[in-house]
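Please put together the full structure from these sequences, using the hints given.
Line by line, the protein sequences are chains A and B.
Heads up: the first sequence begins at 0 in numbering that gives the first Met the number 0, then just goes up one per residue.
Heads up: the second sequence begins at 0 in numbering that gives the first Met the number 0, then just goes up one per residue.
Honestly, I wouldn't trust all of these hints.
Keeping only pairs whose Cα atoms sit at most 25 Å apart, straight-line, the calculated BS3-like set for lysine-lysine is [what the hints assert, rightly or not]:
1. B:74 with A:20
2. A:15 with B:28
3. A:15 with A:338
4. B:37 with A:20
5. A:57 with B:74
6. B:86 with B:37
7. B:93 with B:28
8. A:188 with A:261
9. A:57 with B:93
10. A:49 with B:74
It is worth saying that the hints were derived from the structure and are not from the lab.
Note that the coordinates shown come from a computational prediction; the quantities given were computed from them, not determined experimentally.
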Amino acid sequence: MKNNELIQRYIYAVTKRLPRKSQEDVARELESLISDMLEEATGGLEPTEKEVRVVLTKLGSPRLLAASYHPDQAGLIPQPYYNQYLMVLPVVLAAVSGGIAIALVLAAFFDGPSTLNQLTGGNATETAASIGKLVGGILGGIFEAALQAFFWVTLIFAIIARRGISLDGEKDFLDTLPEIPQNRKPIGKGGPIVGIVFSVAFSIVMLTIPQVIFIINTDYSPNPFPVFNLELMARLWPAILLIGLTGIISNCMTLIEGQYTKRLLVVNLACNLVFVVCAVIWLGDGSILSTEYREIMGSILSGETVPNLMMQNLNLLVLGAIFLGVIIDTIESIYTTFKK
Amino acid sequence: MGREDIVASLVQELRRGSIVMLVLSRLGKPKYGYNLIKELEQFGIMVEANTLYPLMRRLESQGLLESVWDTAESKPRKYYVITGEGKEVLSAVKGYWSNSVTAINKLLEEEDS
Numbered sequence: 000m001k002n003n004e005l006i007q008r009y010i011y012a013v014t015k016r017l018p019r020k021s022q023e024d025v026a027r028e029l030e031s032l033i034s035d036m037l038e039e040a041t042g043g044l045e046p047t048e049k050e051v052r053v054v055l056t057k058l059g060s061p062r063l064l065a066a067s068y069h070p071d072q073a074g075l076i077p078q079p080y081y082n083q084y085l086m087v088l089p090v091v092l093a094a095v096s097g098g099i100a101i102a103l104v105l106a107a108f109f110d111g112p113s114t115l116n117q118l119t120g121g122n123a124t125e126t127a128a129s130i131g132k133l134v135g136g137i138l139g140g141i142f143e144a145a146l147q148a149f150f151w152v153t154l155i156f157a158i159i160a161r162r163g164i165s166l167d168g169e170k171d172f173l174d175t176l177p178e179i180p181q182n183r184k185p186i187g188k189g190g191p192i193v194g195i196v197f198s199v200a201f202s203i204v205m206l207t208i209p210q211v212i213f214i215i216n217t218d219y220s221p222n223p224f225p226v227f228n229l230e231l232m233a234r235l236w237p238a239i240l241l242i243g244l245t246g247i248i249s250n251c252m253t254l255i256e257g258q259y260t261k262r263l264l265v266v267n268l269a270c271n272l273v274f275v276v277c278a279v280i281w282l283g284d285g286s287i288l289s290t291e292y293r294e295i296m297g298s299i300l301s302g303e304t305v306p307n308l309m310m311q312n313l314n315l316l317v318l319g320a321i322f323l324g325v326i327i328d329t330i331e332s333i334y335t336t337f338k339k
Numbered sequence: 000m001g002r003e004d005i006v007a008s009l010v011q012e013l014r015r016g017s018i019v020m021l022v023l024s025r026l027g028k029p030k031y032g033y034n035l036i037k038e039l040e041q042f043g044i045m046v047e048a049n050t051l052y053p054l055m056r057r058l059e060s061q062g063l064l065e066s067v068w069d070t071a072e073s074k075p076r077k078y079y080v081i082t083g084e085g086k087e088v089l090s091a092v093k094g095y096w097s098n099s100v101t102a103i104n105k106l107l108e109e110e111d112s
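This is the structure in C-alpha cells:
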C-alpha cells in the first residue's frame, strides 16, 4: 500500500470515531504530526513503508487514539470502551422502547370494540380515567423495558471493560484499516434507528401477539378474529424471527458503516435475500390466513368479484408487494453504492 | 504484579499528575505540538504524542489554551498558546505545587524508619 494511502486511511480510521465537528481539525493536526514524526525518523528523506508503519504503530491503534480524545471517565466503564458504550446504548434503548411501545399500543387495542367502547362510552370522567389507565400502562411498560435494556447493556460493557476484552484486533490494525469512502455522503442515523425500532416491534408483535391483527364483522359475530392462522404462525416462528433479525442486522450494519460502502451493500443484499426466502415461507401458502378471516371477508365482499379474490389471497398480495419492495431497494442500493 | 510493575505504575501516576501544569507552563509563547514534545524531551520529560495532542485539545476546550492554524509555512501547523484564564489557573496550581513539594521533600527527608 502506498505511504500516503496508508496514512490517510489511518487518519480516517481515527477521525471517523470522533464527533463530526472536530473530525476535520483533528485530521489536519494528525497529518501535520505524522509528517513531523516521519521527518525526524528519516532526516528529511522520503520515508519507506516500514518507517511509516513504525510511526503509525507508535501512535497506536485508531480505536485507542480516538478514545484518548475523550476525557477518561473514572467510572464503571473506562475508556476506550466508554466511547463504544455511548454509541451502542442510545440505539438499543431506542430500538427496545420503540418496539415495545408499538407492541403495547397494538395489544391494548386488541380487544377492538370493547376497548374503544370503554374509552368513548360513559361520561367524561370515566373516559379520562380509562385513557389515563391505558396510557399509564403503556408508559409503564416502555419504562420497564428501557430500564432492563439499560441495565443489560451497561452490565455487559462493564464486564467487557473489566476483562479487558479487546473489541477489535489491536495488534494488526495497520493491515485492517477501513477504506476511505470516495465522496460518499454519510448516511443519517435517524433512518436506520427507525428501521430497527420497526423490526423489533414486528418481531415482538408477530411472535407473541399476532392476534392483534384482527378482522371483525359484527353481522357475523361480535368478536374480533385474528387474520392469521395462529397455530401455523406459532410453527413458523423461525422464519418470522429471521425476518425481524434481517431488519435489525441490516440497519445495524448501516449505522456502523455510516456510508454506502461495498461491504454494506453485500450485507444488505444478503439480508434482502434471507428476508424474501422467509417471507415466502411465511406467506406463500394460503393456509396462513385463518378460516374465520376468509369467512368474514367473504361475507363482507360477497361473490366472485375481484376485490373478494384479492382479499382472499391477501397473503399473496403482500408477498408480491414485498418482492417489489425488495427489487426496488436492491436496484437503489446498487445504484447508490456504485455511482460516482 | 512484580516490583517493577508497581514502581512503573506509581511513577506514571506522579507524571500524570503534573503533566497539565507543565504543558501550560511551556505555552507562554505559541508552539505546536511536536515542538513542545521535543522541548520537554530536552528537560528529560518524555510525553507521547498520542497523550499530548488530545490533552492540548482538551485544555483548549476548557479555555486554558487557544489555537491558531499557521498556513504561511510550507507545512500547515496548529499553534497553541496559553490564555488569560490559563495563566490564572497555572499560577494557582504552581502555588499549590511549590507548597506540596516543599512539604513532601521535608517528609521524605525525615523518613520515619
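For each hint, the structure was consulted:
1. B:74 with A:20: 23 Å, holds
2. A:15 with B:28: 32 Å, violated
3. A:15 with A:338: 22 Å, holds
4. B:37 with A:20: 29 Å, violated
5. A:57 with B:74: With a Cα-Cα distance of about 22 Å, the restraint between residue 57 of chain A and residue 74 of chain B holds, given a limit of 25 Å.
6. B:86 with B:37: Since the Cα atoms of residue 86 of chain B and residue 37 of chain B sit roughly 22 Å apart, the hinted pair holds (cutoff 25 Å).
7. B:93 with B:28: 18 Å, holds
8. A:188 with A:261: 19 Å, holds
9. A:57 with B:93: 32 Å, violated
10. A:49 with B:74: 23 Å, holds
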